[in-house]
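Undergrad: For chain D, the structure is supplied; the task is to place chain W on it using the hints.
Going down the list, the protein sequences come from chains D and W. Residue 149 in this note's numbering sits at position 149 of the first sequence, with consecutive numbering throughout. Residue 189 in this note's numbering sits at position 189 of the second sequence, with consecutive numbering throughout.
Please keep in mind that the hints were generated in silico from the structure rather than gathered at the bench. Each hint should be verified, as a subset may be incorrect.
One copy or two, it doesn't matter: identical chains are merged, so the pair holds either way.
Claimed, not checked - Below, simulated SDA-like cross-link-like pairs (lysine to any residue); rule was C-alpha separation at most 25 Å, straight line: (1) Lys-365 / Ala-101; (2) Lys-113 / Pro-427; (3) Lys-113 / Arg-17; (4) Lys-216 / Glu-128; (5) Lys-365 / Asn-49; (6) Lys-113 / Ser-125; (7) Lys-365 / Gln-24; (8) Lys-216 / Gly-398; (9) Lys-365 / Glu-290.
Since the model is a prediction, treat every value here as computed from it, not as a measurement.
2 protein chains.
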Amino acid sequence: MVILPGGDEPLYVAIYRQLRDQIQAGTLPAGARLPSRRALASQLGVSVNTVDGAYSQLQSEGFVESRPRSGYYVCVIDALQKLSLPGRRPETQPAQPDAVAVDFRPGGAAREKFPFSVWQRLLRSALEDPASLERTAPQGDPGLRRAVADYLYEARGVRCSVEQLILGAGTDSLLSMLSYLLPNRCTVAVENPVYNQAYRLFARMGHPVRPAEIDKQGVLVEPLEALDDVLLYTTPSHQYPLGLSMPMGRRVKLLNWAGSGRFRYIIEDDYDSEFRYDIRPLPSLQSADENGRVIYLGTFSRSVAPGLRVSYMVLPPELLRLYEAEYRRFSSQVSTVEQLALREFLVRGHFATHLNRMRVYCRAKRRRLVAALAPLEGQIRIIGEAAGHHLTVQAVNGMTERELCDAALTHGVRVYPISPYFMGPCPYDGKVLLGFGSLTDQQLEQGARALVRAWQR
Amino acid sequence: MVILPGGDEPLYVAIYRQLRDQIQAGTLPAGARLPSRRALASQLGVSVNTVDGAYSQLQSEGFVESRPRSGYYVCVIDALQKLSLPGRRPETQPAQPDAVAVDFRPGGAAREKFPFSVWQRLLRSALEDPASLERTAPQGDPGLRRAVADYLYEARGVRCSVEQLILGAGTDSLLSMLSYLLPNRCTVAVENPVYNQAYRLFARMGHPVRPAEIDKQGVLVEPLEALDDVLLYTTPSHQYPLGLSMPMGRRVKLLNWAGSGRFRYIIEDDYDSEFRYDIRPLPSLQSADENGRVIYLGTFSRSVAPGLRVSYMVLPPELLRLYEAEYRRFSSQVSTVEQLALREFLVRGHFATHLNRMRVYCRAKRRRLVAALAPLEGQIRIIGEAAGHHLTVQAVNGMTERELCDAALTHGVRVYPISPYFMGPCPYDGKVLLGFGSLTDQQLEQGARALVRAWQR
Numbered sequence: 001m002v003i004l005p006g007g008d009e010p011l012y013v014a015i016y017r018q019l020r021d022q023i024q025a026g027t028l029p030a031g032a033r034l035p036s037r038r039a040l041a042s043q044l045g046v047s048v049n050t051v052d053g054a055y056s057q058l059q060s061e062g063f064v065e066s067r068p069r070s071g072y073y074v075c076v077i078d079a080l081q082k083l084s085l086p087g088r089r090p091e092t093q094p095a096q097p098d099a100v101a102v103d104f105r106p107g108g109a110a111r112e113k114f115p116f117s118v119w120q121r122l123l124r125s126a127l128e129d130p131a132s133l134e135r136t137a138p139q140g141d142p143g144l145r146r147a148v149a150d151y152l153y154e155a156r157g158v159r160c161s162v163e164q165l166i167l168g169a170g171t172d173s174l175l176s177m178l179s180y181l182l183p184n185r186c187t188v189a190v191e192n193p194v195y196n197q198a199y200r201l202f203a204r205m206g207h208p209v210r211p212a213e214i215d216k217q218g219v220l221v222e223p224l225e226a227l228d229d230v231l232l233y234t235t236p237s238h239q240y241p242l243g244l245s246m247p248m249g250r251r252v253k254l255l256n257w258a259g260s261g262r263f264r265y266i267i268e269d270d271y272d273s274e275f276r277y278d279i280r281p282l283p284s285l286q287s288a289d290e291n292g293r294v295i296y297l298g299t300f301s302r303s304v305a306p307g308l309r310v311s312y313m314v315l316p317p318e319l320l321r322l323y324e325a326e327y328r329r330f331s332s333q334v335s336t337v338e339q340l341a342l343r344e345f346l347v348r349g350h351f352a353t354h355l356n357r358m359r360v361y362c363r364a365k366r367r368r369l370v371a372a373l374a375p376l377e378g379q380i381r382i383i384g385e386a387a388g389h390h391l392t393v394q395a396v397n398g399m400t401e402r403e404l405c406d407a408a409l410t411h412g413v414r415v416y417p418i419s420p421y422f423m424g425p426c427p428y429d430g431k432v433l434l435g436f437g438s439l440t441d442q443q444l445e446q447g448a449r450a451l452v453r454a455w456q457r
Numbered sequence: 001m002v003i004l005p006g007g008d009e010p011l012y013v014a015i016y017r018q019l020r021d022q023i024q025a026g027t028l029p030a031g032a033r034l035p036s037r038r039a040l041a042s043q044l045g046v047s048v049n050t051v052d053g054a055y056s057q058l059q060s061e062g063f064v065e066s067r068p069r070s071g072y073y074v075c076v077i078d079a080l081q082k083l084s085l086p087g088r089r090p091e092t093q094p095a096q097p098d099a100v101a102v103d104f105r106p107g108g109a110a111r112e113k114f115p116f117s118v119w120q121r122l123l124r125s126a127l128e129d130p131a132s133l134e135r136t137a138p139q140g141d142p143g144l145r146r147a148v149a150d151y152l153y154e155a156r157g158v159r160c161s162v163e164q165l166i167l168g169a170g171t172d173s174l175l176s177m178l179s180y181l182l183p184n185r186c187t188v189a190v191e192n193p194v195y196n197q198a199y200r201l202f203a204r205m206g207h208p209v210r211p212a213e214i215d216k217q218g219v220l221v222e223p224l225e226a227l228d229d230v231l232l233y234t235t236p237s238h239q240y241p242l243g244l245s246m247p248m249g250r251r252v253k254l255l256n257w258a259g260s261g262r263f264r265y266i267i268e269d270d271y272d273s274e275f276r277y278d279i280r281p282l283p284s285l286q287s288a289d290e291n292g293r294v295i296y297l298g299t300f301s302r303s304v305a306p307g308l309r310v311s312y313m314v315l316p317p318e319l320l321r322l323y324e325a326e327y328r329r330f331s332s333q334v335s336t337v338e339q340l341a342l343r344e345f346l347v348r349g350h351f352a353t354h355l356n357r358m359r360v361y362c363r364a365k366r367r368r369l370v371a372a373l374a375p376l377e378g379q380i381r382i383i384g385e386a387a388g389h390h391l392t393v394q395a396v397n398g399m400t401e402r403e404l405c406d407a408a409l410t411h412g413v414r415v416y417p418i419s420p421y422f423m424g425p426c427p428y429d430g431k432v433l434l435g436f437g438s439l440t441d442q443q444l445e446q447g448a449r450a451l452v453r454a455w456q457r
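So that you can see chain D by itself, here it is in the shape it has in the complex (with noise of 0.2 Å):
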């Protein structure tokens, strides 16, 4: 056996290295016997330590074993097959030229008004305490959230304890959370629209999931009276991505629903509660559930930072039993040290300055945009409420929404269809999003004014 001296890697290694590539051409072949360490470090001219260091790697890795009073022996390691791979690894794909000038992307928030240096001032304060590498308890901080329950309080009704309160990394990591509680032969009955990401959460974690109708008032409950066993998903508040309000009157009735039938639940999420332009918004569903059958549910991401993942969810008693029982052993998703930082960014009041000038800077956006519209009177209607950051537009003078996408985009403009939210078919045509929150006043214009030359019938 000839030992190559190893370049830079300690000798043993290189001692290692070799016997292991023998073994593995079939040079040394399953059941054949290593020299002793002795004759091997003398043959090498190297200490027995260094031959005992490769040795242990080898029987530690598996290649060889040790038999009491014998040496060391090749073991018998099956041929690695091969199969042919479907296709290559995959690499990026080069991202494609854009000749869209201005894109109506819903889901964007404006980030020009935020406090940056308020914010890096807190996050560089929470980094000097040492608790910012530990892990929060499961349900987060309970200082954030303290703050968070008392922001939800005054802001939107919400009574609920800290305990009740769970922070995730985002809604989707709070409704895989949910889905995780509730049985598996629980049904999910999601708004149609819908925010598409949670009927595809809930189908795919083994849920069945089916369509809650709405009208103008929101979720039909006639159709719900049969189900049992049911959670429902909704946007009370801003119906995404409608726009409508639910009236008190239809939050009665689903209220009433959901506390007469066995193991029924709403989850009310709130997702832009905090922009509402023209009126104060309706207290939150939560607030007028004496049943304990509403999950609240609420982000971070759009008021504070899209890069900031920290949402919130309030669980009823019923629930939050199973949470203890089930869930509370996983770790919290979410980071620690921006956690300790927006705990200090609510509680020292920036929270609800920031919030204050974005309605006032978000509401000017809004105007800007409808205002920018006005020619196309006859032609479009705004329909929803005036909240949020995009408008739901509906065409008057028949155009189609492929039609209406269509001309946009021939005239530089993306603007987003509404079918693509329906669970089935979309049951009416011409309705198309144009989201607001992240483009300046300039593209605003730009865009308005494009749209204008592609809407005129």
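TA: Coordinates of chain W only, in the frame set by chain D:
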């Protein structure tokens, strides 16, 4: 109708609130007509605009409806039914006083050696980047993924493109994602014993889960031969919690099994491969996989800090296609600013330095604990590799697991039974875990002295 002055709130809110209360109390019954805006304004001595504001709010909330050329009428709103709640709202339980002086809880990691000031500096500088407020790509920051891919190749022989690497907010979060990607019919076979979150998670997500029995070499392959459409969860580098390493022969058998059936995948959870103290660990199972059947999983929670919620997963090409079709639309759950800081931590070599230091430090800790337990020779045996952050102890003096735990506790020390890690009955008795990752030298020695007294027969 009497409207009382409303304190600090705007006049229109006071009017709105009092009308709403009267509607809810039934004083203004369903169908009643509100006074005209002019009449009420003149009666209250306020402007018509103020009354307008109150009526709009009531209308928007669905308490009244407007009938053209007629006025505002109170809507029919069902009474809210109230059930008796099953118990009070939960509040915090006071923590029980703890008589345990030394807690050998597994899962902890040493923090004293963490280069906190370097980390703070990197995080501060990541904060300067406005991109820290934005969401990263769904799979995570490409620069960080490149750095992780390079590290995994160097340290563990993992071969993957940046596209195959997906960052998540902890191992549980990535297991959820996998569960989402798998067809529901897919069975999950988990090594027994096992990190028990893994099987709970898959079971709750609707997958049939079954144990995969192990011997001293790891997972037994023969019982798996009958299974297709299956995902096997295993920890080949350092079996959790027994601490064994899977030898090469078994690895090849396992890879050949996975390569030869329909939809057979292996999750290789390489949770603490950074911490080997005697010999270099065998390269990852993934590195020997020629058929694209291994999902490689790891985390920075142990090697950097538990408060940092960053873990990673390498998907083989076929599953990557499922991810791209099904999951890429979901946002990343990982904090952006921490991704940026971690990227620099890796790229600038701090991670490598830190790991080297930690390895030396943890090895010393482990040796100290083993040495302090030496008086128990003949009473206990330490099994498993010299690796990780816990010892697995086997009683050879006839003590049962229960007796080991109870005797320790009466001496003020908590050790952890191994049976909870089993699906079904634990096939042997007298094994416990001693986590040493987060204990000081003094605690280690104090704890070991107590165990010597507790376990001496």
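Undergrad: For every hint, state whether the structure bears it out.
TA: Here is what the structure says about each hint:
no.: 1; hint: Lys-365 / Ala-101; verdict: within (18 Å within a copy, 61 Å between copies)
no.: 2; hint: Lys-113 / Pro-427; verdict: neither (39 Å within a copy, 62 Å between copies)
no.: 3; hint: Lys-113 / Arg-17; verdict: neither (60 Å within a copy, 32 Å between copies)
no.: 4; hint: Lys-216 / Glu-128; verdict: neither (51 Å within a copy, 46 Å between copies)
no.: 5; hint: Lys-365 / Asn-49; verdict: between (75 Å within a copy, 24 Å between copies)
no.: 6; hint: Lys-113 / Ser-125; verdict: both (22 Å within a copy, 21 Å between copies)
no.: 7; hint: Lys-365 / Gln-24; verdict: neither (68 Å within a copy, 36 Å between copies)
no.: 8; hint: Lys-216 / Gly-398; verdict: within (21 Å within a copy, 73 Å between copies)
no.: 9; hint: Lys-365 / Glu-290; verdict: neither (38 Å within a copy, 55 Å between copies)
Hint compliance for this structure: hints 2, 3, 4, 7, 9 are not met, and every other hint is.
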